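Asker: Starting from the given sequences, assemble the full structure and let the hints guide the process.
What follows is each chain in one-letter form.
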Amino acid sequence: MSAPPWRSGGTNGNNRNGAFHSVNSRKTLSSRPIHHEGTQVHNDLFFSPSSNLFPLAFCRRTLWKKKILMCTNQTLTQTPAPEQTPKTQFPDKLKDYVARTFEDCPPDEKVAVELELKRIITDAFNEKVVWSLEWDKMPLPQTILARKKVTAKEEQTAKTLAMGQMSRVSNETGASPTSPFIRKPNYSNVMDVDYPGKKRKSAGSSEELTPPTPDRFEERFDKRPRQGDKFLPTSGKLSQREKDKRAKRFEDERREYSPDSATPEVPDNKKPLIGRCMDLEKRYFRLTSAPNPDHVRPLHVLEKTLEMLKRKWRSEANYSYICDQFKSLRQDLTVQHIKNDFVVTVYEIHARIALEKGDLGEYNQCQTQLHSLYREGFKGHEEEFKAYRILYLLHTCNRADMNELLANLTPADKEVKAIKHALEVRSVLAAGNFHRFFRLYLEAPAMGGYLMDSFVARERKAAMCMICKGYRPDIDIRFLTEELGFESDTDCVNFLYDNEAADLIEQKLGDKGVPNSIRFQTAKALPLFERAKKAAFSKVDIKGQL
Amino acid sequence: MTTLYKTFRRALTTKDGALLGSIFSPENPDRGTFAFSTNHERIRGDAEYEISGLTPLRDENTRGAWVDTLVSYWKIAYILERDDGADVSWAKAYEGQKDLLLAMVRGYTKGNWPHWTLPVMYQICLSLRTVAILSDDQARRLGKTSEHLEDAARYINKAFTLCISDRAPIEESRKWGTYYIVNLMFKTYFKLNSVGLAKNILRVLPASLADMPPLEAFPKSHVVTFKYYCGVVSFLEEDYGSAETHLTYALDNCKTDSIRNKELILTYLIPTTMLTKHKLPTPELLSRFPRLAALFNPVCKTIKSGNLQAFDAALRHGEEEFVKRRIYLTLERTKDIAMRNLFRKVVLYQNEENRTKIPVRQFQIAMGLEADGDTVMRSTPERVEVEVEEVECLLANMIYKGLMKGYISRERQTVVLSGKEPFPGTVV
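Here the protein sequences come in this chain order: A and B. Remember, my numbering sits 147 above the position in the first sequence when you count from 1. Remember, my numbering sits 27 above the position in the second sequence when you count from 1.
One should not assume that every hint holds.
[As the list claims (entries may be wrong)] Among chain A residues calculated to face chain B with C-beta under 7 Å, some are:
| hint | residue |
| --- | --- |
| 1 | Asn550 |
| 2 | Leu553 |
| 3 | Ala554 |
| 4 | Asn580 |
| 5 | Phe581 |
[To be verified] In silico EDC-like pairs for lysine to aspartate or glutamate, Cα to Cα no more than 20 Å straight-line:
| hint | chain 1 | residue 1 | chain 2 | residue 2 |
| --- | --- | --- | --- | --- |
| 6 | A | Lys533 | B | Glu346 |
| 7 | A | Lys561 | B | Glu346 |
| 8 | A | Lys561 | B | Glu359 |
| 9 | B | Lys119 | A | Glu250 |
| 10 | B | Lys171 | A | Glu523 |
| 11 | A | Lys671 | B | Glu438 |
| 12 | A | Lys567 | B | Glu438 |
| 13 | A | Lys284 | B | Glu122 |
| 14 | A | Lys561 | B | Glu348 |
[To be verified] Taking CB as the label site, the calculated pair distances span:
| hint | chain 1 | residue 1 | chain 2 | residue 2 | range |
| --- | --- | --- | --- | --- | --- |
| 15 | B | Tyr76 | A | Asn555 | 53 to 59 Å |
| 16 | A | Gly508 | B | Thr188 | 45 to 51 Å |
| 17 | A | Glu454 | B | Leu219 | 39 to 45 Å |
| 18 | A | Asp488 | B | Leu169 | 27 to 33 Å |
| 19 | A | Lys567 | B | Asp238 | 26 to 32 Å |
| 20 | A | Arg625 | B | Leu219 | 49 to 55 Å |
| 21 | A | Ser279 | B | Glu290 | 52 to 58 Å |
| 22 | B | Asp279 | A | Asp548 | 53 to 59 Å |
| 23 | B | Gly223 | A | Glu634 | 38 to 44 Å |
Simulated from the structure, these hints should not be mistaken for lab results. If you're wondering where the values come from, they're calculated on a predicted model, not measured in any experiment. Positions of the beta carbon are idealized from the N, C-alpha and C atoms, including for glycine.
Answerer: Right, dumping it as structure tokens:
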């Protein structure tokens with residue numbers, strides 16, 4: 148409703164430059180970094196620079212053409228000059244492989260397996276990969292045969308379902324399994340067959356909805372049949388028409404977001420995508436399809452982006468803008484599979500900014516990423532964020548994770564000031580020692596105070612319950628201000644007002660009729676605060692819990 | 028005919044489920060002879076021949092499923108026998124175990140295996156878990172990551188579905204296997220440190236309880252284990268009331284001589300009762316479980332004496348172990364009782380007539396008292412002066428939690444205690 152314009156994400160076609168204009172909107176081809184060096188001739192073949200200007204719809208229509216083109220390229224690269232060394236030698240691993248083949252060979256398939264094995268080895272020699280190939284990871288011929296059978300069978304079914312026969316056929320005749328090692332990713336496919344238990348999302352939708360991994364060739368162009376052969380028994384849930392409709396919807400959204408969108412570049416087989424967008428700024432847009440390199444900024448640009456954002460945050464402090472920019476920055480890092488200390492810095496800065504603005508949801512997302520980045524050994528301010536995490540777990544009242552965290556703290560960790568502080572907060576809270584708690588609140592190091600803000604209000608109510616029960620008949624407001632960590636008596640009185648306890652404040656007159664203190668009647672306030680406490684503790688908002 | 032087939036035929040004709048189950052254990056003593064009795068080419072034919080002619084296997088599907096199961100088991104046996112000792116590739120064995128489990132699942136879904144063969148399911152699920160753990164360990168030693176245990180959990184879940192979704196009349200239903208499999212899943216999830224998943228089972232289970240016999244009708248061993256895990260889950264969720272009920276049931280019904288199981292139950296039951304009933308374990312109880320005595324004695328002693336400094340020291344001393352067993356956060360809360368005991372001593376120290384009005388200063392002095400003599404208490408040698416406000420705060424705490432009856436008068440700096448039972452439940 149009240150979302151800032153750049154949050155509304157691509158709902159109208161020309162808001163791209165609405166909220167703020169690009170600092171650097173030059174997108175000349177010459178400034179593009181060079182990608183995919185020395186691989187994939189075909190990329191340049193049909194994605195000539197001019198095709199970048201083709202509208203998306205056109206691309207879809209000509210898809211099958213590319214498919215065929217691709218296949219011819221495939222066959223081109225597949226025919227090297229067979230050049231055998233005069234005396235043939237075999238690696239030991241290959242010998243083992245052959246031994247394994249015959250050991251596990253079912254009798255009735257022996258002939259076929261032998262043929263397949265022969266083909267594999269000949270191919271390997273032809274490709275000159277005999278020595279480089281990891282034979283111990285190579286699927287056995289019988290596995291490959293079995294797989295072929297399955298694909299052939301499902302192809303039949305796929306046909307009857309009238310699902311993109313064209314591409315399926317070309318796929319079969321072209322790249323696919325005739326030579327299992329020519330395209331490495333095939334292994335992973337074989338493995339998939341072996342791991343039926345691998346967790347998969349519901350059959351139909353997952354492919355489109357989880358874009359970050361750059362799919363390989365065939366999958367990107369040939370999604371439907373491929374899904375068909377993996378999930379055939381279950382994919383019947385959605386009718387073909389519905390699927391088309393949905394695909395179209397996503398397509399539309401993408402076009403709206405980028406009206407002048409260029410042809411999506413085909414990412415290299417294994418390599419993660421490398422962006423070539425030179426803009427420093429980019430609005431965040433939640434991806435619904437594979438990322439387009441034209442809209443993704445490469446690492447060196449992102450580094451500059453971070454510097455710019457830091458500057459802007461200092462000078463303008465516009466949180467909604469900064470948060471949006473950081474999210475797109477994070478997204479670009481994710482889709483390019485970048486993981487290094489710079490990424491840690493990005494998440495740390497965003498986390499701190501989010502903390503400062505009390506945006507715990509965003510903070511938690513950063514924290515989750517940081518958690519795994521630190522674990523993978525990337526450097527940053529791990530101790531500082533460990534301390535925040537303790538405080539965050541206090542906010543969410545997550546005792547199970549707290550136990551886990553305590554178990555993983557090293558003695559060195561416990562000597563760090565911030566962690567020590569956070570641990571003390573934890574222990575005084577457990578003991579119900581509100582006196583010390585509010586002291587610790589006032590002296591929290593780094594950004595800890597901001598985090599504690601999130602549960603201080605709640606703990607004040609809990610403390611009020613104890614005070615109201617413990618002290619009789621009344622209590623000095625001054626004392627409450629001190630004990631509950633308010634900045635002034637006014638703040639304290641406001642707090643009492645907010646909790647509908649204003650009626651219970653009264654002025655006490657001293658000996659000579661001069662008012663000398665403002666008192667608060669405790670006994671009557673107890674039920675009020677009991678109720679407030681219950682409400683405060685019942686709804687701990689856990690956004691994107693780790 | 029190797030012994031294994033003989034055992035198989037005997038178990039099937041006498042309907043001896045336990046015996047049948049034991050055949051498929053990776054530790055079956057007949058594993059070796061079975062493995063070397065044949066080869067990959069001939070195993071299927073052998074198995075078909077060896078189990079032919081059995082009346083219970085007249086149905087083709089039933090027989091086929093048993094053949095598949097035997098063939099899968101043979102493959103595992105062969106892997107284990109061929110590279111005996113340290114060279115066993117547990118990852119390979121795990122794949123074999125998975126095939127075995129799938130063959131078993133087919134046996135129940137397509138092969139109409141009767142419910143008395145449930146021990147076969149138990150054994151296969153159990154060994155899948157064991158082999159998964161071994162495989163993960165092996166991978167870790169080689170510096171690789173392996174997530175076979177996670178995978179195993181998913182497969183055991185299949186067995187759970189098999190049990191729970193059986194529509195046969197209850198006398199011959201696979202529902203009788205539910206709790207065994209659930210326990211195995213609990214065990215796996217705890218090993219994986221994902222208590223959340225364990226809670227999930229407890230959420231799913233009640234839906235299917237309606238057409239199941241009451242818990243008490245199940246084998247006692249299943250019930251006790253199940254109750255133990257329920258108790259631990261409640262314990263971790265801080266639902267100490269139900270934790271106490273579950274764990275007490277488990278303890279009461281636990282087999283008398285299974286010391287280890289009792290020890291596990293008590294590890295959680297002792298802190299629970301300390302919190303809910305303010306009861307410490309008796310020396311007699313602890314004397315029967317030396318490990319528990321070592322774990323709890325130092326803390327219990329300080330609670331009894333009300334020595335707060337010593338309590339903190341004891342908690343710090345045992346922290347690593349407590350955290351590992353997930354009881355640290357609970358034990359920490361028993362400090363309330365230590366404090367109650369200390370304040371109670373302060374009151375008892377006063378003359379009879381002064382016992383209803385006690386200066387806050389008295390409590391302050393008591394709280395700052397140095398820990399006496401004990402080794403664990405040496406870490407805080409100096410006298411700690413506690414601020415008056417903090418003492419008041421903790422007194423308010425005691426009053427709020429109902430451990431003390433009375434109120435604090437800040438003007439007079441005194442605690443006014445109730446004339447009757449100022450410390451409920453402590454005879455004072």
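Asker: Take the hints in turn and mark each one as holding or not.
Answerer: Okay, the hints, checked on the actual structure:
no. : hint                               : in the structure
1   : Asn550                             : 5 Å, holds
2   : Leu553                             : 5 Å, holds
3   : Ala554                             : 5 Å, holds
4   : Asn580                             : 6 Å, holds
5   : Phe581                             : 6 Å, holds
6   : Lys533(A) to Glu346(B)             : 19 Å, holds
7   : Lys561(A) to Glu346(B)             : 13 Å, holds
8   : Lys561(A) to Glu359(B)             : 18 Å, holds
9   : Lys119(B) to Glu250(A)             : 15 Å, holds
10  : Lys171(B) to Glu523(A)             : 14 Å, holds
11  : Lys671(A) to Glu438(B)             : 19 Å, holds
12  : Lys567(A) to Glu438(B)             : 35 Å, violated
13  : Lys284(A) to Glu122(B)             : 15 Å, holds
14  : Lys561(A) to Glu348(B)             : 17 Å, holds
15  : Tyr76(B) to Asn555(A): 53 to 59 Å  : 56 Å, holds
16  : Gly508(A) to Thr188(B): 45 to 51 Å : 36 Å, violated
17  : Glu454(A) to Leu219(B): 39 to 45 Å : 42 Å, holds
18  : Asp488(A) to Leu169(B): 27 to 33 Å : 28 Å, holds
19  : Lys567(A) to Asp238(B): 26 to 32 Å : 55 Å, violated
20  : Arg625(A) to Leu219(B): 49 to 55 Å : 53 Å, holds
21  : Ser279(A) to Glu290(B): 52 to 58 Å : 55 Å, holds
22  : Asp279(B) to Asp548(A): 53 to 59 Å : 33 Å, violated
23  : Gly223(B) to Glu634(A): 38 to 44 Å : 40 Å, holds
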